[in-house]
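Chemist: Residues per chain, in single letters:
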Amino acid sequence: MNDLQVMRKRCIQNMLRLYKNANAGHIGAGLSCIDILVYLYFFRMQKTDRFILSKGHAALAWYVVLAESGKINPDLLDTFYQEGTLLPAHPPVGGTIDGITFGTGSLGHGLSLACGTALSCRYTDKPFDVYCLLSDGDCNAGSTWEAALFAAHHKLQNLYVIIDRNRLQGFGNTEEILTLEPLKKKWESFGFQVAVAENGHNFNSLHAAFGAFDNQSTKPACIIAQTVKGHGVSFMENKMEWHYLPMNEEQYKQALREITES
Amino acid sequence: MRRAFAEHIRQRAAADPRIIFLTGDLGFMALEGVREAMGGRFINAGVSEQNMMSVAAGLASEGLIPVCYSIAPFAVFRPAEQIRNDICQNKQNVKIVGNGGGYGYGIMGSSHHALEDIALMSALPGMKCYIPYCAEDVPGAVDAMLDNNGPAYLRLGTGSLATPEIQPFSAVRKILAGESVTVVTLGPITLNALKTMKEKRLEGNADLFTIGRLPCEDELETFLESVRKTGKVLTCEEHVARGGVGEYLSIQLIKHHISCRWYHHFAVGYPDGRYGSQSYHQQAGGLDAESIRETITKIIHDN
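Order-wise, the sequence lines are chains A and B. Mind the numbering: the first sequence is residues 1 to 262 in the working numbering, read in order. Mind the numbering: the second sequence is residues 1001 to 1303 in the working numbering, read in order.
Worth flagging that the hints you see were computed from the coordinates, not collected in a lab. Backbone N, C-alpha and C fix where the C-beta goes; we use that ideal spot for every residue, glycine too. Take the hints with a grain of salt, since some may be wrong.
[To be verified] Derived DEER-like restraints, expressed as beta-carbon distance ranges:
no.: 1; chain 1: B; residue 1: P1125; chain 2: A; residue 2: R17; range: 30 to 38 Å
no.: 2; chain 1: B; residue 1: H1112; chain 2: A; residue 2: N248; range: 37 to 45 Å
no.: 3; chain 1: A; residue 1: Q46; chain 2: B; residue 2: Q1011; range: 33 to 41 Å
no.: 4; chain 1: B; residue 1: T1163; chain 2: A; residue 2: P127; range: 50 to 58 Å
no.: 5; chain 1: A; residue 1: Q46; chain 2: B; residue 2: H1256; range: 53 to 61 Å
no.: 6; chain 1: B; residue 1: G1033; chain 2: A; residue 2: L149; range: 48 to 56 Å
no.: 7; chain 1: B; residue 1: Q1011; chain 2: A; residue 2: N173; range: 50 to 58 Å
no.: 8; chain 1: B; residue 1: R1003; chain 2: A; residue 2: D78; range: 51 to 59 Å
no.: 9; chain 1: B; residue 1: G1109; chain 2: A; residue 2: D125; range: 44 to 52 Å
no.: 10; chain 1: A; residue 1: K71; chain 2: B; residue 2: Y1280; range: 56 to 64 Å
no.: 11; chain 1: B; residue 1: I1251; chain 2: A; residue 2: Q82; range: 48 to 56 Å
[What the hints assert, rightly or not] Derived coverage of chain A by chain B (criterion: at least 3 residues anywhere in the stretch with Cβ under 8 Å from a Cβ of chain B; other residues may be distant):
no.: 12; region: 90-102
no.: 13; region: 105-118
no.: 14; region: 139-150
Generate coordinates for the entire structure from the input sequences, incorporating the hints supplied.
Modeler: Quick look at the structure:
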């Protein structure tokens, strides 16, 4: 876990640098889920496991983690957001970047894609687990709940859903827009085994949540990771505007300092 | 056509374990045999077409060949974004099958009709639309669809030939040869045109083409030749004018600098808000055999 802390910091620093260079938004979303990605890619997932980012707007967090794992080279990573890049704000379609099977960006698609990928194991000789990262906004979409019904009905026990539950979505607070709570009960009633990671930025908390699952169960698994949008940067935390805003020079320096000194 | 489809897909699936069949909770009196034969490879995904299409994309990403079945309107309109993003943009080998294209579900009403499906599907990247014109044409269309690696939409309708002999399936086929006019039809409207041309002794007057696949730039030469000869084209399709085969072919003619007189019969929706059988709606758009005969006769005598 100590190595993970080092890696985590490097990924976040890299991500902030690229957001700044690109003058791009979605920083809050990246900071909300990058700890989950670091945990999955460098601790939890096996080499053959599949990952689908349903919240495509956090693509840069995924890119830096893929770069850290050697799948995207640093020169390519530096082209993020530039004219002619292979790495746009939302993940590119499958077949261009090693490790990215599905481009996403419209919410409500990822879980169905993950279901199909998980189901494929029944028909091939390729056993693997599928991890799918959802946002709060994803949980508004009807297609997500269609997929939830499907996953439970087909007993997709090789499917892990992780919800980046930062409680903010596109234009406000989730509970003021379209109430999601009681979210745990919803997923349980749809036939999932559900664990809550009380601190989705803490590797031990994430690890404990995964450890809570019954491996003998045929139910698909769901982790509700309690996260903070803009986590680790004081002026961004829990601020909806950091879904959209780019950083100015001063903000970048402060953000980098706070991450580096944390 | 639905039964011919079921029979042929069953045969192909028996020989190819990569084929996975998904249905959006439809197929009563048609897919029971497929379900029985395919066992665990037959999935009723329920009334959730959006999920079904993306699940199919996920299956395809692991090398499987999912075939997603529903009635045509439910297969294409509800999950349009899933088809565009997850199947087409991500280049997944998923086959979509829509039964009852056009006014196929007749008195069921407008929710059950698909008059804009070709327009929507053929605009998507990499998507190929397959449109067999009778039950005997279905195996060839299914083979062409399965043997091409990429997204596909198969539009099924109703109708069969009096005899089982049929030209091999292809994108553009000349079914009858004639001198005065080029007639192009889509799907089972071809049968209406065939009927009128044979019964009313119009044979010899018209080249009759059926379009089996869109896009079809690669196989247009015989059609272009025909129009150069006749200078007159009648296109009949059970689809709205916008984005249909008529509009597509007119652009091909412009590209090839071929001028002609242009006649077009197409689906006109629901004039006066009235509903009826498939034949009733076909008549409103001049797609029935009699209307086609009248227009061809007029074209011949117009000069």
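Chemist: Look at each hint and say if it fits the structure.
Modeler: Evaluation of the provided hints:
1. Separated by about 34 Å at the C-beta atoms, P1125/B and R17/A satisfy the suggested range of 30 to 38 Å.
2. A beta carbon spacing of about 56 Å between H1112/B and N248/A contradicts the range 37 to 45 Å that was offered as a hint.
3. The given range of 33 to 41 Å is respected by Q46/A and Q1011/B, whose C-beta atoms sit roughly 38 Å from each other.
4. Taken as a hint, the range 50 to 58 Å holds for the pair T1163/B and P127/A, whose Cβ atoms sit roughly 51 Å apart.
5. Taking the beta carbon of each, Q46/A and H1256/B are about 56 Å apart, inside 53 to 61 Å as hinted.
6. The beta-carbon spacing between G1033/B and L149/A, approximately 27 Å, falls outside the hinted interval of 48 to 56 Å.
7. The hint said 50 to 58 Å for the Cβ distance between Q1011/B and N173/A, and at roughly 55 Å that hint holds.
8. Against the hinted window of 51 to 59 Å, the Cβ-Cβ separation of R1003/B and D78/A comes to about 58 Å, which satisfies the hint.
9. At roughly 47 Å, the beta-carbon separation of G1109/B and D125/A lies within the given 44 to 52 Å, and the hint holds.
10. Between K71/A and Y1280/B the beta carbon distance is about 59 Å. The supplied range of 56 to 64 Å therefore holds.
11. Between I1251/B and Q82/A the CB atoms are about 36 Å apart, so this pair departs from the stated range of 48 to 56 Å.
12. Counting residues of the region 90-102 of chain A whose CB falls under 8 Å from any CB of chain B gives 5; the rule of at least 3 is met.
13. Given a C-beta distance limit of less than 8 Å, the hint that chain B covers the region 105-118 of chain A holds, as 11 residues qualify and 3 suffice.
14. Coverage of a stretch by a chain is defined here by at least three residues with a beta carbon nearer than 8 Å to that chain's beta carbons; for the region 139-150 of chain A and chain B the count is 6, and the condition holds.
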